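With chain C fixed as given, assemble chain D onto it according to the hints.
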Amino acid sequence: MSDAITSEWTFRGYEMVVGLEVHVELATRTKLFSASPNRFGDEPNTNIDPVTLGLPGALPVLNRQAVELAMRLGLAVNCTVQRSTFARKNYFYPDMPKAYQISQYDEPICIDGWLDLPDGFRVGIERAHLEEDTGKSTHVGGTGGRIHGSEHSLIDFNRAGVPLVEIVSRPDIRTPEQAKAYVSELRAILVAVGASDAKMEEGSMRVDANVSVRLPGAEFGTRCEIKNVNSVRSVGRAIEYEAQRQVGMLEAGESIRQETRHWDETDGRTHTLRSKEDADDYRYFQEPDLVVVDPDPEWIERVRFSLPVLPAARRVLLAAATGQRPDAEAILVVTDRDQDAYVLAVAAAGGDASRALVHVKEAFADEGARPSVPAAALATLTRMEIDGELTATQAKQVLAELAAGGGGDARAIAAAKGFEAMDASELETMVDAAIAAQPEAWAKYCSGEGKALGALVGAVMKESRGQADGKAVTALLERRRDA
Amino acid sequence: MTDLTDSFPTTAIDIAWNVRNNIVRATEVVERHLAEIERREDDIHAFNLVLADEARERAAEIDDAVSVGRDVGPLAGVPIALKDNMCTRGIPTTCSSKILDGWRPPYDATVVTKLREAGAIVIGKTNLDEFAMGSSTENSAFGPTRNPHDTTRVPGGSSGGSAAAVAAGFAALSLGSDTGGSIRQPAALCGVVGVKPTYGAVSRYGLIAFASSLDQIGPFSTTVADASLLLESISGHDPLDSTSIRQGSLDITRQLDFGVAGLRVGRITDLPEGASSDVVERLEQAFDALRDAGAEIVDVEVPAFTYGLTAYYLIAPAEASSNLARYDGVRFGNRVEAPDTNAMYTATRTDGFGAEVKRRIMLGTYALSAGYYDAYYGRALKVRQRIADDFARAYERADVLLTPASPTVAFHLGDKTSDPMSMYLCDTYTIPSNLTGEPAMSVPFGTGDDGLPVGVQVLAPALQEAMMFRTAAVLEQRVPR
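For the record, the sequence lines run as chains C and D.
With positions in the first sequence counted from 1, the corresponding number in the numbering used here is that position plus 9.
With positions in the second sequence counted from 1, the corresponding number in the numbering used here is that position plus 27.
Think of the hints as simulated: they come from the structure by calculation, not from any bench.
Treat the hints loosely; a few may be bogus.
Claimed, not checked - Pulled a few chain D residues facing chain C out of the computed Cβ check, cut under 10 Å:
id	residue
1	S239
2	L267
3	V357
4	G391
5	L408
Stated by the list, open to error - When the alpha-carbon atoms are kept at most 35 Å apart in a straight line, the in silico DSBU-like pairs for lysine-lysine are as follows:
id	chain 1	residue 1	chain 2	residue 2
6	C	K480	C	K460
7	C	K285	D	K409
8	C	K370	C	K426
9	D	K385	C	K145
10	C	K426	C	K460
11	D	K385	C	K285
12	C	K370	C	K285
13	C	K208	C	K236
14	C	K145	C	K285
15	C	K426	C	K405
16	C	K471	C	K426
17	D	K409	C	K145
Since we're looking at a predicted model, the values are computed, not measured.
Beta carbons: idealized from backbone N, C-alpha and C, even for Gly.
Only chain D is shown next, with the shape it has when bound in the complex:
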């Protein structure tokens, strides 16, 4: 965001260190980011809402606190963008859907509360595919987000706004949510770090649900170390989320520099095909880089990997059909008036939901229906278990696994909008980790066709984030030039 001769800090760790030590003022950090937003946001459209005034106020509070010697937290003064499916008290939260137009949640998501306690500054709410359903951010009711590396291309999705915001330097950090790859795929396409933590590591309280058993909040950042710091700040048990794991925050940063010597890195030999040659080439280089750094590369099989996509497109829509039934225009959000109540429900939903959301509600309702449950949803649950079993076997031989994060580099806007199946295939490599609840992250690893970013995905067993981050940190140091 700033030119290289400028020594102004850009990473979250540097910003926080400088702010905490009263070297740089949070107000100036915020102004610089707002200036960058001013300069490029019209072209990129990362945000549904920029919280300029709120960010300035918060920055002033932090500066005041620093001036009187108070501890302002590990993320002091760091601007962060939030995917607009995380509830912010009194601030519009839309899921990029018309149906939530005008709704201001009466409460903050747990991650928002934790960020405030850590001293971070929320600078805006970012665009997404409506209700996080999509892989390009083109399904937003408010128009698509564009890739900062090439604005004719998509940033990926569904957390495209959050990925683009970090890639464009609008915010040092952002949060996304990942249900089938919605953090990792846009991170790969935008050339930033994106992490889907272990299911239950980060509270979902206040995250507007898409598919509850798969959704997980995670960080975007420009560096692996920043992602580690942010994940440590937002993880840990939350009594408001029954599925949150009963343990403290993840302990990652201390182990970041441990390297990969002796680590067994798995290559999945029966990985579904479909990745483009530039992506495959970078993946091979990543294996080489890790081998050079002392890791042992081992072949593993995950036979059920290939069924992930199918199972996912039954389980996620099924849960979504239930989660989205509450949007009826009565208690919150947009209402389309009609002569009677039933007509009002219909009109509100017809107008309020986009095509992809409607498609998934219908898919999911069908999959759960009497007479079809066993053949669809029930069978998908069995596949889900089998995938978990296969991964468990693979992790007996490997400590972490490496795959592409996205089959291709960023594609052009409109390329896949007319063919839902081609869009769904974007998540082939990311979906299995959501089904197993295990952590995975995308780390930038050079460029592919047209000089666009490529991401490599590191996968690890549940709660082995530290090992995953160690691997990512080595890749980050050995990015091919």
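Bound-form chain C, shown alone:
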């Protein structure tokens, strides 16, 4: 996995230059500027109020919890929290009830951070700023839910005014894998600090990609902004497609137009949405209905100290305990599932961390941060494996039983299944019997045909009804052959 991330991406000698703008909905109880609930999936237009609807005379009041969550995520990605202001971004659209979006513009709350990918590659973060979400339009009739050709449109204002943070990376990303790893890592951090549930499928995390290409060492090329990238996988596909498209244009002697493009998941292409010339003039000016947000140092430090251990540090801990690299797949998967603490608990209970990691990764995909099997039970199981009391196959069966019963005594289950460590002489008798029964296989094995080993081992396993340790059998056969 680490190789995939760090490997160079080039296409006909060009490299890609990518910056990501990630919008996340904050997990606040109420909206950014009003007391209506911030809740996904409710009956349309039920979480509304005069502020949300932009009724005449209504005024925004900033949600302190939103500021704190923005600070949490900003500090988690090493940003500086600063004095910040809000501006009005004026544009007219039916899902924008005030005809302006309140957004932080030239003075965002968080600036100058970075995020380290699991393989150590560092992506700079330019800023993270607060803004309000728009309502959600649904276009009825026509094709593909697009406004063009639709018969009418419905607007749900439940989402209007939901707090968003837009996290803007620097254009440091050079490969699709880095982009995907950045989104995954950012998502893990957001969830870990409780800033957002960051569900791309529900739209609570949305990614726009700024993509350009250049010959290595050259100036940055003209960039295109790709919208509608709705999964980690799409992030990789969309920027790969877009970078190749741009290289194709340059090679054909055309120039790249700065524009906003729409990623179409079904045809795997990006399509022009609007060019820079068509871009709105947002007529930004400072929002006169709000005051400066200037968190005092004490508040900032309180938030900083309340941050949990972040995924990257947790991976390092787990890697140290299990003897793996921090970006090994099992480490990434288990940490992403929040099961790293459980593996460490198994180790603390006297278990083998490395084996516990494998079991958790393989068997607990559907379990949460606290698997139903007590850490002590898994600890016992891994000890039995280490001590040769159980084979890997047997251990899996015992674990399945433990999981089904929500715990239990690993030793008792193994005994009930008749899994006992086989006496060495007993095993030798079985191996000798297998050699005697299959002289042809034995001859082939001795002449160096490795494939013949399978038949011999299989015979022993069958004779022992699966209780023999495959590795021990192989070792015995080798010893007989080399004798």
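Frame of chain C, contents of chain D only:
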């Protein structure tokens, strides 16, 4: 409103005292005011809506409460008129614009809630220049309001209806909003007291925005003491308005009679010219009156004062262009049907907004546009800061400042409607206080040409309302006869 032999109370303080002490019934107070409205409203047109039934009901509630000994509040039984840009739940609120026709807000403005708690009785919604843009109330979509002192003349604006309502005795008190002088100028022209408080002293929640960084709600009354009582009742921090100052209500009334002995009253030597001689004469008499009362008159300079008007006509339209973009005929107010949505927006706005509103939306949109922002809006913000700096320096030498409230007495209807610039100049002396956020008030001080009222403006540093009111109270006692 009543003849002088009649001892029936007319000021808010007297009405409330009599109602609270069960000497006069609120129902009778309301009936007397409704009778006065009945008698003269057709000539004056102060109201967009008279809430006769609601006022009677509310008065009956107050009388019942008094009869069982409940405390009914400092404004018990006092009829008050509200400028029709303050939201009243379930009651039409129009901003005197066709575009809000038929809209009934689902909520009350904070000031309305506070008035109810104080025992006041809302008697009607008053006329204004559409969206508070104007200085004569002639920009109302529902026709102009006329000056009770001479119905061929304007009451000033934009809060002309609220000023006229108090001047005509339709209500003991009223509320207006002041963005560039919209309380003080009509107060001067109608011969009543009008106050623009410190920005943030009174909640703007439920005040339909014109220019959010300048708008402020304030009182009209016949006496300085009544204005003080009303301002105390509506001021104080409101968690629903982020720009409201985090402190309790203003404390003014206790200091009203402290006088001006030792107070330094500033005369701005570089004040823009343009005031008519009758107004200038009254201003000089006001300085004399204050000197006689023990104040020290000091000369100060406010060099940037003169740039206020220019800066204002960039900043206010810029904010207005943003604030008014939401009126599209979809969610509230009037809609003009058309074949498709875009045509509906256009038709609704074309029909719904008047000429002055459209002019300011265009001005403001232009001032904020890419490529023009720095030259217009950005520069105006710098001027705004410079004006504030100049005032701060002036207040090192003076405690309060005195200027005319309006350059002239009330002018005739139609006099300035064809020349927007001449109308804009009406606010020369009032605009700087909106730009600085500092308080200012107009207090009647005799009459000028044609026997029409003249107002003198008292200006003070932020949150120094008590000092401003003390000065106004002295002027009120020394009005030239």
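| field | Numbered hints the structure breaks, given as an ascending list | value | 12 and 17
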